[in-house]
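Colleague: Residue strings, one per chain:
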Amino acid sequence: MTLAFDALLAVALVLLADAALRQRRTSEAVVQFMVFGLITALAWIRVDAPDLALTEAAIGSGVTGALLLAALRRIGSEIPPSSRVSWWIRLPVEAGCLALGGLLSWTLWTAWPETSGLAAAAHQELPRSGGTNPVTAVVLNYRAWDTLLEMAVLWVAALCAFALRDRSPAALPDPAGPVLRYYLARMMPLFGLTIVYLVWVGARAPGGAFPAGALLGGIGVLLLLGPQPPRLALGSRTTRFLLAVGTANFLFVALAMLGHGELLEYPVAQAKAWILLIEFGCTVSIGLSFTVLFAGCAGHLHGEPEG
Amino acid sequence: MIPAEIAVPLPVVLPLLAALGFGLARPHPGVARAAMLLLALSPAPLLRLVLQRGPVQADLGGWGPPLGIRLDADGVTVLFLLFHSVVAGVVGWVAAGEDEAPSATERSRLFWPLLAVAWAALNALVLSRDLFNLYVSLELISLAGVGLILLTGTAAAARAAIDYLLLALVGGLLYLLGVGFAYAAADSLDLAQVTSALVPGPLAETALVFLLIGLCIKSALFPVHTWLPPAHANARAPVSALLSGLVVTGAYIVVLRLWASGFRALAPSLLPDLLAGLGALGIVWGGWMAWRQERLKRILAYSTVSQTGYLFLVYGLGGAEAGPAAGVWAGTIALALGHGLSKAAAFLAAGMLAARAGSDRLDALRGSVLTQPVAVGLFALAAANLMGLPPGLGFLGKWLLFKAAFAQGQWALFSALLLGTVLAVMYLVRPLERMLCGSAPKPDEAGFREGALAALPVLGLALLPFIVSWWLSGPDSLLHVGSVLPALPEGGVP
Amino acid sequence: MNSALLFSLAGVWIAVIGLRGVLLEIDLLRRILAAGVLGTGIFLVLVAMARRMPEGPPDPVPHGMVLTGLVVSVSAIGLLLGLMGRLRDLEEDER
Amino acid sequence: MTPWQWVGTILVWLGVLFFASTAIGLLRFPDTLCRLHAIAKADNPGLGCVVVGLALLQDNPLDAGKLVLVWGVALFASATSAFGLARRIRRARASGGQEQTS
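Residue numbers (this note's numbering), protein chains in the order written: chain D, 1 to 307; chain Y, 1 to 494; chain V, 1 to 95; chain W, 1 to 102.
Quick caveat, the hints were computed from the structure, so don't treat them as lab data. Values in this document were obtained by computation on a predicted structure and should not be read as measured data. Cβ atoms here follow ideal geometry from the backbone N, Cα and C, with glycine treated the same way. Be careful, since some hints might not be right.
Stated by the list, open to error - Which residues of chain D face chain W? A partial, calculated answer using Cβ under 10 Å:
hint: 1; residue: Val179
hint: 2; residue: Tyr182
hint: 3; residue: Leu224
hint: 4; residue: Leu225
hint: 5; residue: Pro227
hint: 6; residue: Phe252
What the hints assert, rightly or not - Here are the simulated distance ranges between beta carbons:
hint: 7; chain 1: D; residue 1: Pro227; chain 2: W; residue 2: Pro30; range: 31 to 39 Å
hint: 8; chain 1: D; residue 1: Leu15; chain 2: W; residue 2: Trp4; range: 35 to 43 Å
hint: 9; chain 1: D; residue 1: Gly259; chain 2: Y; residue 2: Thr154; range: 28 to 36 Å
hint: 10; chain 1: W; residue 1: Ala86; chain 2: D; residue 2: Ala19; range: 43 to 51 Å
hint: 11; chain 1: V; residue 1: Asn2; chain 2: W; residue 2: Ala92; range: 49 to 57 Å
hint: 12; chain 1: D; residue 1: Leu258; chain 2: Y; residue 2: Ala34; range: 34 to 42 Å
hint: 13; chain 1: D; residue 1: Leu258; chain 2: Y; residue 2: Ala25; range: 20 to 28 Å
hint: 14; chain 1: W; residue 1: Ala86; chain 2: Y; residue 2: His28; range: 49 to 57 Å
hint: 15; chain 1: Y; residue 1: Ala412; chain 2: D; residue 2: Leu258; range: 33 to 41 Å
hint: 16; chain 1: D; residue 1: Phe5; chain 2: W; residue 2: His37; range: 27 to 35 Å
hint: 17; chain 1: Y; residue 1: Ile6; chain 2: D; residue 2: Pro227; range: 33 to 41 Å
hint: 18; chain 1: V; residue 1: Pro57; chain 2: D; residue 2: Val11; range: 21 to 29 Å
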């Protein structure tokens, strides 16, 4: 029964991906892509990856969708359906892709690895990692170096978005005026509580800095769309500081550990506290970076102040 | 002495700290210069450790493989860290001079953090021995590279940045698929553990093929090189110097490490010849296109495609410890280093020439030796090594490859090497001839003195390939410290 | 046949569809969408392979890899989309 | 199964029915305002039935409370976004412009 459901879901995913890329109108393609992302989150639940399902729904579908819609609005939705590539390029590419898919499927089918990876090792060291959620342990303890560099990637992306700014920023629509203002005012406490809760719960259950940061980014987008959009400018010291704080805080914690061991080697008793500190810093930067990327897509970043 | 757990990550941590600092406040040119010096010295403690103790490791987080990430510094790693220090340091030094100019724009605020991040990521790339961590480092390099290209602010630069970023994204994702297969087959991401655990079979082969496809896109191997020329030709000169000199080599180093650490035993028999064949095609195609360009920076950009091709010949030449293939690994590393140093110097010289002439079109540079003898001299020096004149690193590398191809009777590769050398002479002599001949406006004394001072570090960059080649070929050079690559044969250097 | 294999096969074909789109589409926005589809497919392969033993807890290491990969690819996609708009502005200025 | 669980299961299925009718409405209704009406049917009674049904199936009253909170938050958000969409459409119609769905 569950296998039948999974099979249905798997087939639906492939069809949705194909449909998203085949839509004639670009705006419909974008919406289809977002639907595809949401349904993918369902597949990740089915393979026991709730952390990823949460992040995919928030970032893969939510943030990416917002970025796509913003870009679409800026360039206008009247893009004509792409003209066809001539057949002598098209045919080999199609055949090559088909062969590639066949080959990969055959490899997986015949050589499906029967080992369990590092699951046992990761769970065995869990008591020394400062939490009970193995994914958080991987991301912020065992392989924290990856995440530090990843935060740098996000920081660089936000900086690059500022390099795109040139003209006076375009005005964003104020779609819901007073109602949106009311909504934001009433919901803000709940949003704040949810963000803190998501970071907090990450140590033992699905959550952590990335879904929380995506939520913060969503709030940023709503504020941008609202009646009094905040000024995002590289000239602002606050903006520069908040963009960098996630990476900087992470790096300082990493360096602080050198006192007693290797870089990033938290003492077992304090591991949870250090990880939380890192995550709160990251959440702020992730949220602001997503907001900046959205503003960059919408053409809404400010320049340096005069003088 | 600084302990290993500090010395090993220091070349990454220090540039990253500097980047964050630069991101918060735009550095004064003097501060930027001091910072460049400091960052260039960041591998020094590690160099001392490695020379005294041999290879050193740092297990980040204290976990160690397979659960944690290990940084590992052997002789080749330190050699590349020093290489990054020299090139990025000089690039930063020259750029600090440009920042003093009144034309420095708002975008120059972004140059410093991006330069330092790219530097940190390149150092992270050569230190890391973890397949997935390599992916993150590669993506960080790509994004910083895109940002640096964007600083030009023109439509051509934006178009080039889009092509570069899209291909880098796709290349990175394909590499990631390879990582997934390798992990599934070996239950580890640590390079040494993966190569010892993998058994030849469909999983290992698929993993290797996808890792290679991703890396080849990022290092601009022949059919997937199309992103490189516009990207490198449309950036500011210091940025082009950094991208062509270091970034392309960065992705290539990962290929070399994968191959040398044991992946070559898993490769399907066709693969080495395929890589070498594409390399040979790249040499010829890049050289031919370089010859046909009318702009100096485009010539240099296509030259990078050609010179990257050389680095892939090694896979078709075997690379055994002794016998006919001896020395090809060392030769390839010599070529990579020599190309990076000289190409950076050539781009910086081209930047000086173009700034004065108002354009980098060959016609505009006619007779520029009279107005800018220093810049033309620097360009000529860099060109000499790129052509492979002795006793530079380019010569050393090509000589070793020639010898191996000859000894193995690999005539196709041999003729590609030959053709590439001829083409290099052709495409480099062409701009030189324009610069040296023709009349020009009267020379300008003040400009000359100014230019000479700024050019001093670039002169070091251009001369280094000729100095280092003696030292690199010695038996006690860094190349041999705990490296998986076979050593240079005795008397291998003419 | 188990669910993990099923989803990893789906992931392969989603990735292939994305790759085909990147190679064959001309419109930039569609190529970016296709790159997004390619990424999702590859992430699905990785996560499905983390569940290759039906018993016991899943392997958290690929989960961590995908978490990082997701953020990296969203950063790149966000930058690409911003660049696309900027390029159009610049091209209008040129005209 | 206890009677409460029966009620819960039936409510979840009822919610699914609302969602199905929403899907049909989205596909069949002629213009955006009508489609908005269809979406509201999924958010309000549809999600409500599912949430109340699931809440009845929970053992822990705290979890049940969280589920109901989800419904409240979703209602608030859907009301706000529906207003934004509708206002945009009305303005577009007032200026005689083409209706935009994006």
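Colleague: A separate judgement is required for each hint: does it hold in the structure or not?
Modeller: Going through the hints against the structure:
1. Val179: Val179 of chain D check passes; min Cβ-Cβ to chain W is 5 Å, inside 10 Å.
2. Tyr182: holds, 8 Å
3. Leu224: Since the shortest Cβ distance to chain W is 14 Å, the answer is violated.
4. Leu225: holds, 9 Å
5. Pro227: Hint on Pro227 of chain D: violated, closest Cβ of chain W at ~12 Å, above 10 Å.
6. Phe252: It is violated, given that the least Cβ distance between Phe252 of chain D and chain W is near 36 Å, above 10 Å.
7. D:Pro227 / W:Pro30: 31 to 39 Å: holds, 32 Å
8. D:Leu15 / W:Trp4: 35 to 43 Å: holds, 38 Å
9. D:Gly259 / Y:Thr154: 28 to 36 Å: violated, 49 Å
10. W:Ala86 / D:Ala19: 43 to 51 Å: This hint is violated: roughly 28 Å between Cβ atoms.
11. V:Asn2 / W:Ala92: 49 to 57 Å: Taking Cβ atoms as reference, Asn2 of chain V and Ala92 of chain W lie about 51 Å apart, which means the hint holds.
12. D:Leu258 / Y:Ala34: 34 to 42 Å: violated, 24 Å
13. D:Leu258 / Y:Ala25: 20 to 28 Å: holds, 26 Å
14. W:Ala86 / Y:His28: 49 to 57 Å: holds, 55 Å
15. Y:Ala412 / D:Leu258: 33 to 41 Å: Cβ of Ala412 of chain Y to Cβ of Leu258 of chain D: about 53 Å, so the range 33 to 41 Å is violated.
16. D:Phe5 / W:His37: 27 to 35 Å: holds, 31 Å
17. Y:Ile6 / D:Pro227: 33 to 41 Å: violated, 52 Å
18. V:Pro57 / D:Val11: 21 to 29 Å: Since Pro57 of chain V and Val11 of chain D have Cβ atoms about 27 Å apart, the given range 21 to 29 Å holds.
Checked against the numbered hints given earlier, this structure breaks hints 3, 5, 6, 9, 10, 12, 15, 17; the rest are met.
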